[in-house]
Amino acid sequence: MTNHYLDISGVSIEFPTPNGPFKALDNVNLKINKGEFISLIGHSGCGKSTVLNIVAGLYQATEGGVILEGKEVDQPGPDRAVVFQNHSLFPWLTVYDNVRLAVDKVMANKSKAERHEWAEHNLELVHMSHALHKRPAEISGGMKQRVGIARALAMEPKVLLMDEPFGALDALTRAHMQDSLMEIQTRLNNTVIMITHDVDEAVLLSDRIVMMTNGPAASIGEILPVELERPRDRLALADDPTYNHYRAEVLKFLHERHAKPDVPTTPKAEPAAAPETDSANSSKVPEEEDLAA
Amino acid sequence: MSTALNKTVQFLEVTGLNWFVPVAKICAGQNVKEQFNQLSRMVGVPVFAFLVFLLFWSAAAQNIVTSLGNLPAPTETWQQFEGLIEDHNRERAKEVAFYERQEKRNAEKLEKNPDAKVKIRPYTGKPTFFDQVFTSIYTVFVGFVLASLIAIPLGIICGLSKILYTGLNPLIQIFRPVSPLAWLPIVTMVVSATYTAKDPMFAKSFINSALTVTLCSLWPTLINTTVGVSGIDKDLINVSRVLQLNWITKVFKVIIPASLPMIFTGLRLSLGVGWMVLIAAEMLAQNPGLGKFVWDEFQNGSSNSLGRILVAVFVIGIIGFILDRVMLTLQKLVSHDKTVDIR
Numbered sequence: 001m002t003n004h005y006l007d008i009s010g011v012s013i014e015f016p017t018p019n020g021p022f023k024a025l026d027n028v029n030l031k032i033n034k035g036e037f038i039s040l041i042g043h044s045g046c047g048k049s050t051v052l053n054i055v056a057g058l059y060q061a062t063e064g065g066v067i068l069e070g071k072e073v074d075q076p077g078p079d080r081a082v083v084f085q086n087h088s089l090f091p092w093l094t095v096y097d098n099v100r101l102a103v104d105k106v107m108a109n110k111s112k113a114e115r116h117e118w119a120e121h122n123l124e125l126v127h128m129s130h131a132l133h134k135r136p137a138e139i140s141g142g143m144k145q146r147v148g149i150a151r152a153l154a155m156e157p158k159v160l161l162m163d164e165p166f167g168a169l170d171a172l173t174r175a176h177m178q179d180s181l182m183e184i185q186t187r188l189n190n191t192v193i194m195i196t197h198d199v200d201e202a203v204l205l206s207d208r209i210v211m212m213t214n215g216p217a218a219s220i221g222e223i224l225p226v227e228l229e230r231p232r233d234r235l236a237l238a239d240d241p242t243y244n245h246y247r248a249e250v251l252k253f254l255h256e257r258h259a260k261p262d263v264p265t266t267p268k269a270e271p272a273a274a275p276e277t278d279s280a281n282s283s284k285v286p287e288e289e290d291l292a293a
Numbered sequence: 001m002s003t004a005l006n007k008t009v010q011f012l013e014v015t016g017l018n019w020f021v022p023v024a025k026i027c028a029g030q031n032v033k034e035q036f037n038q039l040s041r042m043v044g045v046p047v048f049a050f051l052v053f054l055l056f057w058s059a060a061a062q063n064i065v066t067s068l069g070n071l072p073a074p075t076e077t078w079q080q081f082e083g084l085i086e087d088h089n090r091e092r093a094k095e096v097a098f099y100e101r102q103e104k105r106n107a108e109k110l111e112k113n114p115d116a117k118v119k120i121r122p123y124t125g126k127p128t129f130f131d132q133v134f135t136s137i138y139t140v141f142v143g144f145v146l147a148s149l150i151a152i153p154l155g156i157i158c159g160l161s162k163i164l165y166t167g168l169n170p171l172i173q174i175f176r177p178v179s180p181l182a183w184l185p186i187v188t189m190v191v192s193a194t195y196t197a198k199d200p201m202f203a204k205s206f207i208n209s210a211l212t213v214t215l216c217s218l219w220p221t222l223i224n225t226t227v228g229v230s231g232i233d234k235d236l237i238n239v240s241r242v243l244q245l246n247w248i249t250k251v252f253k254v255i256i257p258a259s260l261p262m263i264f265t266g267l268r269l270s271l272g273v274g275w276m277v278l279i280a281a282e283m284l285a286q287n288p289g290l291g292k293f294v295w296d297e298f299q300n301g302s303s304n305s306l307g308r309i310l311v312a313v314f315v316i317g318i319i320g321f322i323l324d325r326v327m328l329t330l331q332k333l334v335s336h337d338k339t340v341d342i343r
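Chains as they are written, first to last, in my numbering: chain W, 1 to 293; chain L, 1 to 343.
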């Protein structure tokens, strides 16, 4: 197929810093088909969030670009909805109002009743119908993240971008959320790019796992297709040799083959299974960025 | 019954009337002994401290002798306060009598000649202490509201645009520490040059005082609004970018609600500064408020003066305290994080 749904082509980005320009990404190439679930995995600070932000349009690539359905994208928009690591719900609005804000913007030409129904429908999808009138401060982390997902789904995006959505949650909640996500994915068949640190999560959820090399000047290292049949059951897969093979492949990449061929290997980093925040990368946001932009 | 109690306790805590929480619980019959203990701790200790303060005051009063007599003791000060209430009531009675006499005169005139022109003159007695209190509160509010109308939009713009902030910041830092006593002569001159209506609606002294309050109290709100707006979580801004909100929606639906807690912190500080500035400004501008009262008493030099000035000191302090409490309640109402304890 020559015309891919989402084409990340030759993307490089340089950030201006007091010590000279910092090249975060170098020639990232990735082609994604419609309905695919892609996991982006790699060490902390390798640029995963940067790639996601470029696809989202929140950053502009200095070289190359992102083409969605044949059109180049360089501005943020609801067609590439983002689920942030820290839910980013508006704390002064209720759960319902948070989703409704997105719905009102995206479905501005529909009737009030239709928008109300659509907001409730999406909250139903994430099993949050019981807490419509609560504020974010009154619900748990997992619930906040669910609402974040509902808000993103309510925008009916062409591509759903998720930046370590379950990173801040405990293991049990994470398992529930992964199951919910798989359920939603079966129903809606969205195109999804998800950043994660969790190898099990990546193998369980994705159609392809994209492994990035270490930063700086990171690029795509290897791409691993995951040919496990859906629906996937984590307990059944625990003993499955194919599942374990995929898992081993990812771990081997992260521990041994993560460097680019011509770049000297960095010392062994933490095991990728432990959730780490991507703060090293997000702190490179240029200070001059205008809030009004 | 317990939901009513919960709601009452919530209300008392939000309005800062924490002292009454144990009282409410006692009325509901909850843990009466424990509540009495809490009450004695919360209320008893400050009351005791206040009594110790009164003791020190009495001791000082006996030992400090000024040209106007001894520094007044607590009891004398209270007597002066009662005196002021009496004066106020007397003035009010005189005013009522004046208008009654005028009515009678005019009615008699109209009886004799239905077409006669009747004069209705306003009563021109001097303002009492409580009139002056009202004038002060009114003036500080006008000055404060004007300051907020300038500071909040300017603060939002400065928070959003780094360039504008870099440009304005030196000016803000230079004008912020200027004392009201330095602004007042300039304000007076500018106002007398520009406000030249034949029959002015507002007295010049009122405008001078209010404008001085504005000039001094707009800085905390301005700075806090700028900090609040520029410190909004970047992710919230990114959400509004993904949703492609237009700038009006972004300002009113995202930026203002997100920075409202900081804005209200600024407003609370501004009101505190404004109240302090007002008394000084009134003294010099001769606005008929508490400042003028203190100044007149000082110039008067009667044996009552020091006592009356002390009454004014306490009234100024108590009003300032009440104003601060009102702002504190508003601050608590708009804060997003209900777990933080705002004092």
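Just so you know, the hints here were simulated from the structure itself, not pulled from any lab data. Hints are supplied without guarantee of correctness; some may be wrong.
[Claimed, not checked] Listed below are the simulated DSS-like cross-link pairs for lysine-lysine, each with C-alpha atoms no more than 30 Å apart in a straight line: (1) W:K158 with W:K112; (2) L:K33 with W:K158; (3) W:K134 with L:K332; (4) L:K7 with L:K94; (5) W:K105 with L:K162; (6) W:K134 with L:K253; (7) L:K234 with W:K71; (8) L:K126 with W:K23; (9) W:K34 with W:K158; (10) L:K234 with L:K162; (11) W:K134 with L:K7; (12) W:K158 with L:K253.
For each hint, the structure was consulted:
1. W:K158 with W:K112: Holds - the C-alpha atoms of K112 (chain W) and K158 (chain W) are around 24 Å apart, at most 30 Å.
2. L:K33 with W:K158: Violated: K33 (chain L) and K158 (chain W) sit about 64 Å apart, past 30 Å.
3. W:K134 with L:K332: 18 Å, holds
4. L:K7 with L:K94: 47 Å, violated
5. W:K105 with L:K162: OK: K105 (chain W) and K162 (chain L) at ~28 Å, within 30 Å.
6. W:K134 with L:K253: 19 Å, holds
7. L:K234 with W:K71: 27 Å, holds
8. L:K126 with W:K23: The hint is violated at about 77 Å.
9. W:K34 with W:K158: 9 Å, holds
10. L:K234 with L:K162: The hint holds at about 15 Å.
11. W:K134 with L:K7: The hint holds at about 18 Å.
12. W:K158 with L:K253: With a Cα-Cα distance of about 26 Å, the restraint between K158 (chain W) and K253 (chain L) holds, given a limit of 30 Å.
Hint compliance for this structure: hints 2, 4, 8 are not met, and every other hint is.
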